[in-house]
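S.K.: Sequences listed follow chains A, B and C, in order.
Using the working numbering, the letters of the first sequence correspond one by one to residues 1 to 243.
Using the working numbering, the letters of the second sequence correspond one by one to residues 244 to 881.
Using the working numbering, the letters of the third sequence correspond one by one to residues 882 to 1131.
Think of the hints as simulated: they come from the structure by calculation, not from any bench.
For each residue, glycine too, the CB sits at the ideal point set by N, CA and C.
Just so you know, not all the hints are guaranteed correct.
As the list claims (entries may be wrong) - In silico negatives: residues of chain A with every beta carbon more than 10 Å from chain C:
#	residue
1	Met1
2	Ala42
3	Ile54
4	Arg59
5	Asn80
6	Pro85
7	Val92
8	Val137
9	Leu187
10	Ile228
Said to hold, decoys possible - Stretches of chain B that chain C covers, calculated by requiring three or more beta carbons in the stretch to come under 8 Å of a beta carbon on chain C:
#	stretch
11	814-828
12	859-868
To be verified - Simulated restraints, written as ranges between beta carbons of each label pair:
#	chain 1	residue 1	chain 2	residue 2	range
13	A	Val167	B	Arg636	51 to 61 Å
14	C	Lys971	B	Leu875	31 to 41 Å
15	C	Ser1017	B	Glu835	49 to 59 Å
16	B	Pro553	C	Ile1024	50 to 60 Å
17	C	Asp892	A	Val25	40 to 50 Å
One-letter residues, chain by chain:
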Amino acid sequence: MFSSSLGKKYLMALTGIVLIGFVFVHMAGNLQVLLGQDKINAYAHALQSLPMPILWGSRLFLLVCVILHAWTAIVLIRENRAARPQGNDVEVTKRAGLSSLKMGLSGTILLFFIVFHLLHFTIRTVYPEYNDMMTTVGAPEGEEVHDVYTMVLAGFQHIWVSVFYIVAMFLLCGHLSHGFSSVFQSLGIRSDSWRVKIELGAKAYAWVIFLGFSIIPILVLGQKLDFISFFEPSLFSDSLAVR
Amino acid sequence: MNLDSKIPEGPLSDKWDNHRFSSKLVNPANKRKYRVIVVGSGLAGGSAAATLAELGYNVDCFCYQDSPRRAHSIAAQGGINGAKNYQNDGDSIHRLFYDTVKGGDFRSREANVYRLAQVSTNIIDQCVAQGVPFAREYGGLLANRSFGGAQVSRTFYARGQTGQQLLLGAYSALSRQISTGQVKMHTRHEMLDLVVVDGHAKGIITRNLATGETKAWTADAVLLCTGGYGNVYYLSTNAIGCNVTATYRAYRRGAGFANPCFTQIHPTCIPVAGDHQSKLTLMSESLRNDGRVWVPKKAEDCGKNPNDIPEADRDYYLERKYPSFGNLAPRDISSRSAKEACDEGRGVGPGGRGVYLDFADAISRLGESVIRERYGNLFQMYERITGENAYQRPMRIYPAIHYTMGGLWVDYNLMTTIPGCFALGEANFSDHGANRLGASALMQGLSDGYFVAPYTIGNYLANSGAGTISPDSPEVKEVMESVRERVDQLTSSNGNRSARSYHKQLGQIMWEYAGMARNAPGLEKAIGEIQELRDDFNKNLLVPGTGSNLNAELERAGRVRDFIDFGELLCRDALERKESCGGHFREEYQTEDGEATRDDENFAHAAVWEYKGEGKTPARHKEELKYDNVKLAVRSYK
Amino acid sequence: MKLILRVWRQDGAEDEGRFETHQLDGVSEDSSFLEMLDQLNEQLLEEGTEPILFDHDCREGICGTCSLTINGLAHGPEDSTTTCQLHMRKFSDGETVTIEPFRARAFPIVRDLVVDRSAFDRITQAGGYITVRTGSAPDGNAIPVPKDDSDKAMDAAACIGCGACVASCKNASAMLFTSAKAGHLNLLPQGKAEKDKRVLAMVEEMDNSGFGNCRNYGECSAACPKDISLDYIAKLNRDHAAAKVRKIFT
């Protein structure tokens, strides 16, 4: 099923769909930071408390999708380079957009970003002290839970970390705007009349994802640099950020 | 020369049936013992190769192009006739037969034409089943249009690309046979000679254009499906590679060449723009359905913007001279009228060789969108080539050589005077007489390839028995040597003129003296000039490079060499045919108002030329044409 | 017009290629691109150089023989136009024009600008046909075909097999060609019986020929002289997936 050139495209598209869906759910969860410390902490706690098979099953599934997506991309790129060993002396592009031409580059950077992001906020080895942030705010029964709210605010007060996150989300936006419409093309689930609508829809979706993810580091940075006041001011201290 | 046409007995409508019944069949199990060579992969060659392979014969198919799908049949635009009478407008097999014989100015063979009309309906069925996307009506059934002056709508079409679609149909059938191994396809191979052993065609010699290798191929029968010789005029609507070499070489080996002077000029081509011109582009004749042809009445208006010339100063000469057919007058008549107008100094465009084809009336009557829908691709093509917008100013058109009715003489079985050597499609002379009707070339190519030759070849093979000779036999080697010598001679040509320059000069001679109008002194002059050109060619030709790889100059030189000899033959035929008929217009033979005068008493025959040796005058033979079913009438389109 | 021409020369598939630069004066702007090359070749002959080889035949945009990548664009700068129909009025006086062959592993160079596109023939041979013996066809009007389907089939069948899709694709993918041929037949009721077999076989042959993978750039369709739409690629993707799934369950 997946051995032919088209099969690999199906695999890219199917794993792509999973990841496209995942980023939306992830974004929706993140946005609860804007609703306050109790909301995001409670949400994070609820996720962490899912039964083992569901929690790890989903994590594993997502990981497999990312790996398959990346691996297939590498195979495809190698085949494509072999199919055109000598390029044109004058290389011109007539129609293809930058985002579609640079899927490999954006994908590679996103892969690095995913690894960093997991180490940063999930496994928390970049700043191990994030593990010690505990609070009762947002806990369902008053016990101590991990203070995701404080961690996020602390995390994004590092300017370069925030910039990296925003740049990565911009690349994700480009990746999605080509990738999302490509899903329909690669699986052939579109008609002539839907082409334009799908392309517009994919672009809109990509920008929503970009804004949804980037708004948090942008707001945090904005407050850090005293342009706005949105979050709890006490959490904005150099000591917190440096720690 | 034996010119027995082998027309079967019986009434016209039963001849083909009778013939098929009386023909010998090859036992199915024995078919694989036979090998057949098909040269050319256009409509005739492609369809014949595919069908013969389906029947079980081993087929070797050759084409000079890089793919069989590129044969020049692909360029036919308008459509294909079929006597289906789907339109209920009075069409029938007999009517198609009659129209074709009449359109051919009574110089074709009745029995062949009738068979063509009979199988025309099978062709449509076959092509539809192959997936040819013919135009359809909203109910899902096939659409038709009237074409080229026909009074009924019997033309099936696929937009402006009918030839392409039919060829892709034949090519797909051929591809299926290539995939089974029943056809061996040899692309970039050019046939340079025919091998005749004991009077029978037994093989061919080819040159592999990519590697330069000359090679002998042997078989039980050879089919020449190599198209026409329009490129003898240098500028024509043919593809650059189209050439006469295969049929001319067969002629030199003993095949009679019939009616070479019957050439068709197409009235709606884009005029020559300048000296750089390498070919002419045809625009579908269907344009004449809505366009009006005119030239300025006064020569001094020719340089003006056509839109500034008032109605009263325009001469719609076709409507004036042929009120009942008007702009749809047959090809030869429209072409000649354009020439006359230009000869009078009323031509327009570069060199004064063009007439206007004006859509202003049609646009104001039907709206630009309707015209765009009907002819959008043609208008676009016109703009690409000329840089002019035909929605805003009239197109300029001029006649150009388009099709050649003459070709190798064949009997009812499509066999030439060399037993075992068959000629199909435009390469033979049989069906179109002195003038071909629109949408009939595709019909004839496919009729010969799908439905006629597969039967008649079976009959020949059953009678002659399997007997492929070895490519190493002395008879084959001898021909091979002569081909090698010829190629070596060309590659060692160290003169100072390119083959193209000779071709161009030959074309000028041909167009001037043997083009739309011919006369005896002109043709004699042309023969003299061609002979001088040949001497010059032999002395001063320049061919760079070697014969051991792809060498376009060498290819061209070989083709031009044969065109030079053939051009002389064409002029000779035109000189001897002392009448005007169809595409052959002799200025000496016309009425007072300039209409062609046919001479049925002395020229109701096919002239068949026999090669008599290098430098010797060929012999002219006759096949008398008998008309038992139609009355010879004067073609009148007034 | 005066032009500076940078032309790719290569003796054979295995040889090193190189650019040669020539100056050509007195080019008419009414001449076609190939007529301009004819003129250059006449000049080269006079100079005692071997002329440049390029593929061409009908010179009216339908046979699909001509190729050439001109200033980085397959068939040159004009939309919906083959090289033979491209005219010199689209270029400016004194311009430098770079002429390269159609580049792809599946299209090995024969000589100079001539490439071997027989891979396309092999894809057709794998399944680009409807099996119908001569003489066995039912009446042409026996099966009505909805006009819309017939028109769409015709749009696909307009493909001239020139290979510009492959040459313009950054990955040298042949998906536009293959999908046009398959789409033409799959859309028609006559072609339905062999649909699954056809798409599987044609895609397999396409892969074996060494073409790259489609990445949905759309460069192919932009370069296509016959404007074949990407819709056919979507359709081939769908037909192929369905065929694969059906194969699993049969």
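S.K.: Confirm or reject each hint.
M.R.: Results of checking the hints against the structure:
1. Met1: violated (5 Å)
2. Ala42: Consistent with the label, A/Ala42 stays out of reach of chain C, its closest Cβ about 42 Å off (over 10 Å).
3. Ile54: Per Cβ check, A/Ile54 is outside 10 Å of chain C; nearest 29 Å; holds.
4. Arg59: It holds; A/Arg59 is separated from chain C by about 29 Å at its closest Cβ, greater than 10 Å.
5. Asn80: violated (4 Å)
6. Pro85: Label violated. Min Cβ-Cβ 6 Å, cutoff 10 Å.
7. Val92: A/Val92 not clear of chain C: closest Cβ-Cβ about 3 Å, inside 10 Å.
8. Val137: It holds; A/Val137 is separated from chain C by about 47 Å at its closest Cβ, greater than 10 Å.
9. Leu187: violated (6 Å)
10. Ile228: Nearest chain C Cβ is 40 Å from A/Ile228, so the label holds.
11. 814-828: violated (count 0)
12. 859-868: violated (count 0)
13. A/Val167 <-> B/Arg636: 51 to 61 Å: The hinted range 51 to 61 Å holds for A/Val167 and B/Arg636, with Cβ atoms some 56 Å apart.
14. C/Lys971 <-> B/Leu875: 31 to 41 Å: Violated, at about 53 Å.
15. C/Ser1017 <-> B/Glu835: 49 to 59 Å: Given a distance of about 56 Å, which is inside 49 to 59 Å, the answer is holds.
16. B/Pro553 <-> C/Ile1024: 50 to 60 Å: holds (54 Å)
17. C/Asp892 <-> A/Val25: 40 to 50 Å: Violated: the Cβ-Cβ distance is about 60 Å, outside 40 to 50 Å.
Consistency with the previously given hints fails for numbers 1, 5, 6, 7, 9, 11, 12, 14 and 17, ordered from lowest to highest.
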